[in-house]
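Chains as they are written, first to last, in the working numbering: chain A, 1 to 231; chain B, 1 to 166.
Misleading hints may appear alongside valid ones.
Stated by the list, open to error - Calculated pairs, BS3-like style, for lysine-lysine (alpha carbon to alpha carbon, straight line, at most 30 Å):
id: 1; chain 1: B; residue 1: LYS151; chain 2: B; residue 2: LYS107
id: 2; chain 1: B; residue 1: LYS43; chain 2: B; residue 2: LYS107
id: 3; chain 1: A; residue 1: LYS222; chain 2: A; residue 2: LYS208
id: 4; chain 1: B; residue 1: LYS61; chain 2: A; residue 2: LYS208
id: 5; chain 1: B; residue 1: LYS61; chain 2: B; residue 2: LYS43
id: 6; chain 1: B; residue 1: LYS43; chain 2: A; residue 2: LYS76
id: 7; chain 1: B; residue 1: LYS151; chain 2: B; residue 2: LYS61
id: 8; chain 1: B; residue 1: LYS107; chain 2: B; residue 2: LYS150
id: 9; chain 1: B; residue 1: LYS151; chain 2: A; residue 2: LYS76
id: 10; chain 1: B; residue 1: LYS43; chain 2: B; residue 2: LYS150
id: 11; chain 1: B; residue 1: LYS61; chain 2: A; residue 2: LYS222
Said to hold, decoys possible - According to the in silico footprint, chain B covers these stretches of chain A (three or more CB under 8 Å from chain B):
id: 12; stretch: 15-25
id: 13; stretch: 52-61
id: 14; stretch: 72-83
Hints listed in this document are in silico derivations from the structure and should not be mistaken for laboratory results.
The beta carbon of each residue, even a glycine, is placed where N, CA and C say it ideally should be.
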Amino acid sequence: MVLSGRMLEPEPDDIELLLPWHAAGRLSVRDARRVDEALAGDPELARQYAVVREEYAETIALNESLGAPSVRVMQKLFAAINAEPERRSFAPRNLATRIQGFFAGVSPRTLAWSASLGALALLLQAGVIGAILVKNETTTYRTASLSMNEPVTRAQGGEAPPRALVRFVPEARISDITTLLDTYQASIVGGGKGGMFQLQFGDHAMSKEDVASLMSRLQGEKIVNLAVPAQ
Amino acid sequence: MQVLYGRHHVRVFRFGLRLVRDEQVAEDLISEVFLDVWRQAGKFEGRSAVSTWLLAITRFKALSALRRRKDLELKDETANAIEDTSDDPEVAVTKKDTSGVLRQCLKALSRDHREIVDLVYYHEKSVEEVAEIVGIPENTVKTRLFYARKKLADLLRAAGVERGWP
């Protein structure tokens, strides 16, 4: 009796099926713990998870490269809304429902991070203000001859420093993140969207090789779940 | 409405674009989606996230748009030819650009597979939310993504990239 190829193919087990949601941070605490335990004891599964994380990063990068709709769309939409016979406000019936809807739309990791980000934003703001003060102080004593040595392209606003979209692991503490920011001379320039934060590294442009090396080092950090270059 | 549009229009557009593979159609689509949302706002009862509701409407409208186009397959080929300005998988792999190959293979997946990969990896939807958007049982959601990933691995292998799974 000949078995078909389909019959010989082993069915995936439940943990294997959950790996993509684990990478995206969309499992319940119980399931996430089950997956973590399985990953710790199964090198084959851990290898597959590395593949999943690669797919996850590239899917985000691919979608982010798709751009955005033109302004024409918004103009067309609001012209159509204005032409509607009866204007209705977009407001669900009560505030509790709206709040529930909003938070239901935020991934657990984003929620976990929102509070931390608030505190971090205060720290960063203080840092930025301090940096600006120091910078202004320094420029007061700059001489004309010093500026002559600076590359013209920099003075004219040359290439921007590299940026990356970074997702931290849920267990990361604020102190871990500030250390990482210090180590990489990075600052958070945007974030929260989908639990990803946009980081800028230093104030100089880097070569492609340097950016690739930077991403590789970042991805190797314990508290970094995902790091992909951003434009 | 401006706030809702501002917060969600880019993701809705990208989801629609990945389904219909035509920027003009995708732009028309999001206009229709948000107009429908405006008209049906009272029907939203907060049982699911707003983004899940928007993606479900987008999907429905994208499929309707695709059904209206009799030349769907031809359009797919044309769109591919236009949008894929980067190297094809074989060329990219010779340049050792695994990342580029992977993106090309993600584009080459079937619509069902593209949709589920995007919903989980990019839109970060849970199993339950994907089931609601696509209208299939939760177990089917899990297995469909698993087989989408296997198909992706097949495409990568055909392009010369071996990742050690499956």
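We went through each hint and held it up to the structure:
no., hint, in the structure
1, B/LYS151 to B/LYS107, "holds (12 Å)"
2, B/LYS43 to B/LYS107, "violated (35 Å)"
3, A/LYS222 to A/LYS208, "holds (24 Å)"
4, B/LYS61 to A/LYS208, "violated (40 Å)"
5, B/LYS61 to B/LYS43, "holds (18 Å)"
6, B/LYS43 to A/LYS76, "holds (23 Å)"
7, B/LYS151 to B/LYS61, "holds (26 Å)"
8, B/LYS107 to B/LYS150, "holds (15 Å)"
9, B/LYS151 to A/LYS76, "violated (39 Å)"
10, B/LYS43 to B/LYS150, "violated (39 Å)"
11, B/LYS61 to A/LYS222, "violated (42 Å)"
12, 15-25, "holds (count 8)"
13, 52-61, "holds (count 8)"
14, 72-83, "holds (count 8)"
When held up to the earlier numbered hints, the structure conflicts with 2, 4, 9, 10, 11 and fits the remainder.
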